[in-house]
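Participant: Protein chains in written order, with my numbering: chain A, 7 to 162; chain B, 7 to 162; chain C, 7 to 162.
A few of these clues could be false.
Identical copies carry no separate label here, and so any pair may be met within one copy or between two of them.
30 Å max Cα-Cα, derived DSSO-like pairs, lysine-lysine [unchecked claim]:
hint	residue 1	residue 2
1	Lys145	Lys117
2	Lys36	Lys97
3	Lys97	Lys145
4	Lys97	Lys117
5	Lys145	Lys36
6	Lys36	Lys117
Keep in mind the hints are simulated off the structure, nothing from the lab. Being a predicted model, the structure only gives us computed values, none of them experimental.
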Amino acid sequence: MDSSKVVENIYLLVIVTLISVLQNVSFAQKVERECKNQNIRTSAFERVSCANRNCMDAYPTFLAVMWCAGLCLSQAPAAFAGIIYLVIRQKYFVGYLGQTSQSTPGYLFGKRVITFLFLMCIVGIANYLLVRFYGSDYKEHVETITNAASALLLIP
Amino acid sequence: MDSSKVVENIYLLVIVTLISVLQNVSFAQKVERECKNQNIRTSAFERVSCANRNCMDAYPTFLAVMWCAGLCLSQAPAAFAGIIYLVIRQKYFVGYLGQTSQSTPGYLFGKRVITFLFLMCIVGIANYLLVRFYGSDYKEHVETITNAASALLLIP
Amino acid sequence: MDSSKVVENIYLLVIVTLISVLQNVSFAQKVERECKNQNIRTSAFERVSCANRNCMDAYPTFLAVMWCAGLCLSQAPAAFAGIIYLVIRQKYFVGYLGQTSQSTPGYLFGKRVITFLFLMCIVGIANYLLVRFYGSDYKEHVETITNAASALLLIP
């Protein structure tokens, strides 16, 4: 199955998914801004429930971006970024359960990974449209660059 | 990649997804019915948090229906309906944050868009089954009609 | 579209998705453990809202596992397991609304179905890797066994 043929059938869907992801992030930022004015939750149940809630809220967004990036460009860097995201999420969840004085994690996490996957989608679609309208194909170069760039995510 | 070959591999999964979407909607309606008996939330944080919550709850359902509709029938009207849904969601979110006396948005929103995408899935699968068992192919006609019908979503 | 060609393009994404599902389950178990120490919710709105919340939390996980299982191995048993899951979810939702003295459903439900779909994904990917590196193909045998095994889900 040639990858560009896959993109041909789904690129409009991917674009809408990307816009919806942007909207999700803007909604989440509004919640985060309001959240800072709130008093601190105390009960252990409320903390673990809230941490799980935030992780679950971001989960469909993450899945959508990762699959779009993997299908549109190449799967290895997308899967690598996905692993990094899961590690960040684990840290976030554990940090949320700790003493609120020690760690006050925000509502959003893994912004850098989501941004990276988002850019991968855009590059993949841009590359498809270039191939379709101009006939040039930078996909191999782009994939090499993406593979190299995904290593940058390891920098804390 | 021939579209009917894609449908062949996923049509059972799409059918189950559609049933699960119906179930989600029935659950949400029960929450909405109970919600009307509740007193009004007042704090700004609770309002923005609740608006985000409702949007995030409906998000996987929306993604699933849009992708199924795009894969089973054709992507252009599905993506168009997706854009309309995102506009409705934006309005809903902004309306939710306003004065509760001005706007009291319900739990569900974008019912018409979800219904349209849902019907697109059913038509796509019905068309696939017709082609498989009877050999007739109305897909081109159906796609033309769907493209025209998606414009109807613009009517408020 | 040959199924092994599909798997070739997505198997890394599927693996990351599976890891994320494991993480989701571990998060949910922590919530459940804390939840048992909580006092009982009383209002009808809170009960229906909480039931809907738990169902929606598990929904993206379920969709991801079902689609991965359907794409990697074969769609019929995956769709069948999906139907079973929806029936369990319906029972869970209805049970949650009943008297808390009668039924005290936990936070998690449908663990057996999710486990079954999860194993299907692993078998599908293992089979793909075997074909790629050793050239053997047990897929037909595996599919037959999976179809038979899915009937075991009906045992309560």
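Participant: Does each hint hold? Answer for all of them.
Facilitator: Hint by hint, here is what the structure shows:
1. With identical chains, the CA atoms of Lys145 and Lys117 are at most 30 Å apart within one copy only, with a shortest distance of 25 Å there and 39 Å across copies.
2. Proximity of Lys36 to Lys97 under the C-alpha cut-off of 30 Å is found in both arrangements, the shortest distances being 23 Å within a copy and 15 Å between copies.
3. In this assembly of identical chains, the alpha carbons of Lys97 and Lys145 never lie at most 30 Å apart, being 34 Å within a copy and 38 Å across copies at closest.
4. Taking the closest pair of Cα atoms, Lys97 and Lys117 come within 30 Å of each other both inside a single copy (14 Å) and across two copies (25 Å).
5. When the C-alpha separation of Lys145 and Lys36 is checked against a cutoff of 30 Å, the pair qualifies neither within a copy, at 37 Å, nor between copies, at 43 Å.
6. In this assembly of identical chains, the alpha carbons of Lys36 and Lys117 lie at most 30 Å apart whether taken from the same copy (15 Å) or from different copies (25 Å).
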